[in-house]
Every structure is written in structure tokens, then in C-alpha cells.
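When we follow the numbering used here, the leftmost residue of the sequence shown carries the number 500, and every step to the right adds one.
Treat the hints with caution; some may be incorrect.
As the list claims (entries may be wrong) - With a Cα cut of at most 20 Å, we get these calculated PhoX-like pairs of lysine-lysine:
no., residue 1, residue 2
1, Lys610, Lys527
2, Lys842, Lys873
3, Lys628, Lys708
4, Lys582, Lys658
5, Lys583, Lys658
6, Lys793, Lys699
7, Lys728, Lys868
8, Lys582, Lys628
9, Lys612, Lys628
10, Lys728, Lys699
11, Lys708, Lys648
12, Lys582, Lys547
13, Lys618, Lys648
14, Lys699, Lys750
15, Lys658, Lys532
16, Lys873, Lys889
17, Lys750, Lys721
18, Lys873, Lys890
19, Lys836, Lys875
20, Lys583, Lys612
21, Lys648, Lys658
22, Lys793, Lys836
23, Lys547, Lys648
24, Lys750, Lys765
25, Lys721, Lys658
Derived by calculation from the structure, the hints in this document are not laboratory data.
The model shown is predicted, which means the values in this text are computed figures rather than measured ones.
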Amino acid sequence: MIRSVLLLLNMIGVIFFHTFFEGGVSVKINAPKEVIAGTDMHIQVTLKKGNLESFSRFQQDLPAGLEASSENSNSGDFTFQDKKIRLMWFRLPADDEITFTYIIHVDQRLKGKFSLDGKFSYIEGNERKSVDANQQSVTILPSPTIDRKLIVDINEFEKSVIPDLNINESKSLVCIRQKPNLQEGANEIFVNLLLCKQDKNSFAKIEEKIPEGYTAEGIDTKEGTFTFKNGIAKFQWMNLPSEPYFVVTYKLIPKEKLKTKSLVLKGSFSYVEDDKTINSEVVEQNFNLRDINKTQVAGLMAQAKQTAAKNKKKNIVSVSSERDENDQPTTLITDLKTGITRKLSETDTVEGVTYRVQLAAGHKPVNVKSYFEKYKIEDPVYTEQHQGWKKYSIGSFKLYKDARDYRIHIWNTTTIGDAFVSAYNNEVRITVQEALMIGNQKWDK
């Protein structure tokens, strides 16, 4: 009888010991129930460890589309690789209860639900043991800045073929305008432009065609210059800032009392790459560009590229030059020997910066052959429509000094005393100063 009682007490003690010990080691994960795609979620893990101080490890598997980084590892060694979070201690802190935190970044293309759990493993009495953490469900809400065609359920993400929105891996550059906010009674309108230039550091410019009735003033130029002339607001950089993306701002000032109505702006962004000028349109988005992070930038870039592609214009050029219905420069060439006039063709177009010598300009067209024969001009004459003027020029030079010398030749051999050098970029008229900056040439008068 006594022996049976002792055996029973011993069994109760063993059960109590294991129950107490298992209850003394626990892992609790605290995570938000919801997270917006493209943002971060902060995870806190509480470890009740008792007097454990030996080698230990916490591990958690994440689904594809989530990335983790350490926030406070509490003396542990944090790693994230192959979709696994590992936090290891060679010796645990002495406190009976410790907490550690980390951050999970949610890809902006995701939606749906996923579960967070984990396992804490440790060594006790030369025996490996483990405790499972509680499981917590998290719902990913779709990002409001992403085209819904790009959004995929997190459970389908890994096997889905979807475009990468990493700002550092996207090759083309993007300029986005924040939709101007027209407020009743306001006497000025601020316009923000987001320039995603990544690693490009060469010459670049943004041009915005401003509606009649407004003047423009630069506010934040990000190391560039701002000018407003002939209805064109222009940001210009000899070398772009080092940041992969930045925001510039100008303001519109109405000449009369501002009326609340839609404001239509058109703009272009140009930059130099491999001695060639790349042109694209400025795409407008209804998003606050002054409060934006890297992930949101990538999403806006994806949307802007889709919008630009729908416009079916491969090379949107400077807003200061007119184009025909086929998006070609409205430039004509007249052969003075034959009197034949034709449109500028692809075979005539010279890539990059070129210079010509402008001879005359007027609002009314002239008979090119008879008009310039009296000046004994023999070269073909270019007629371009620019800012409401018919402008006439001759020659085509890659170097400014060659155009300058030809201008002097015109001065010396004809009665045209006001001839001057004009500049073009892919047959689009630009300023001579801008052309010199693009070609890194010297200004020689």
C-alpha cells in the first residue's frame, strides 16, 4: 500500500515537473491583423525562457513576396535567407522573459491572407527541444497606388509571372506630375514633379507647357535651374543629383483671379544616354509626391509606364516644338536648285545635337526659292514651325564652332546681318546653351 502511494506520488511529480517546465517555456508572436501592400509590419516575439541560457534558435518561414529585416534582436544573430527568418543565441540573455522585434516588408503587388508561426529550439540537458509559437493570421490589403492588373494573391505570388517593380532594376526613366490641386480662392497653384532617374547623372531637362493666363516660378529645383519663357516652364540640369529619385516644385500664378476648373498641363522629360537624347512624356498621377517612399515610387513608375505605353508615342519630344499627326517634326526642306519642297524624313534626321544657321523668321509663309535666291543662298533651306513662327535656316553641323564659322560666312557674303546659330536635339529645337551642355562643348562667340 505504501509502495503504491509512493509510486503514485512519484508519477504525479513527474507529470507536474513536465507540465511546469513546458508551461515555463513559451513563444508568443504579436503581429498586426492587417497590413497594406507596399508597407512594413512590425513583429514582436515574446519568449518566456525561465532559466534557459544555452544555445537557442528561433525560426520562422515566410511566404514569397515578404522580406524581413532586424529591428531589435536582443543580442541574437538575425538572418533572413531563402524565405527563412533565423535568430540565434550562443547564450541567451539572463532575463526570464525576453522580447525581440523585426520588420516584414510586404511587396506592393500582394493581397490575401497568410499565417505567421514559428519554432523556438534550445538545448536542455544535452537534449534538443523545441516549442511552437502561436499562429497568427494577417490580411494584406491591396495597395491603392498599384494597377489592379499587377496585384496577385500571396499564395499565387511565387508561381506568377509578374513584372518586377524594383526601382533600381527598371531601365527606363520616368517623370510623374502630381495632379494640381485647385482650391477655391487660391492665388497660386503648386505643381510637384517626381523624377525617377536612378543612376543617370548626365544632362537632363523637364519642360512643362503652361496654359495662357499663368506665369510660373521655380520653388524647389534640386540643384537645377528654372526658367519660364514663352509659356514654357523648364527645369534643367548639367548633371542630375545623385539621388535615384527626387521631387521638384514650381508654382503657377494666375494673372487674374483663379477660377476653380480643370487645369491641363503637358510636359516632357529628356535626358542624355550614350550621347543620344531620350525623350518621354510627363505622366500625371493623383498622388501626394511630397510624402512618398521608395516602394510607392516603384508602384507609380509601373503605372506611369503603362500610361505612357497606351499613348502609342515612342518619342515624346520637347513641348516647345510642333509635331504633325504622325508625331514627326513639322520641318520642310527646300532645294533651291530645283525649287522642290518636301517634309523632313527619317533619312534627313540626325540623331543627337546639331546646329544650323537661322536666316529669317516671320508669321506669314514666303516663297522659299525666290526669297533666298536673292541672297545668293545655295544650301537647302529648312522651314520649321516653332512657337507660332515660320523659321528658316540652313546647314547642319555637329559642332557649335562650325556653325558659328558658317554664320560669320553668311554675314560676310550676304546682306543678312542678323543670322544666328540655332540648335536642335533629334531635330527638336532647343536653346544653344542647352545643346552645348548636352554635347559638353565650349561656347565660342
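Legend entry - Unmet hints by their number, sorted upward, for this structure: Violated: hints 1, 2, 3, 7, 8, 9, 10, 11, 12, 13, 14, 15, 22, 23 and 25.
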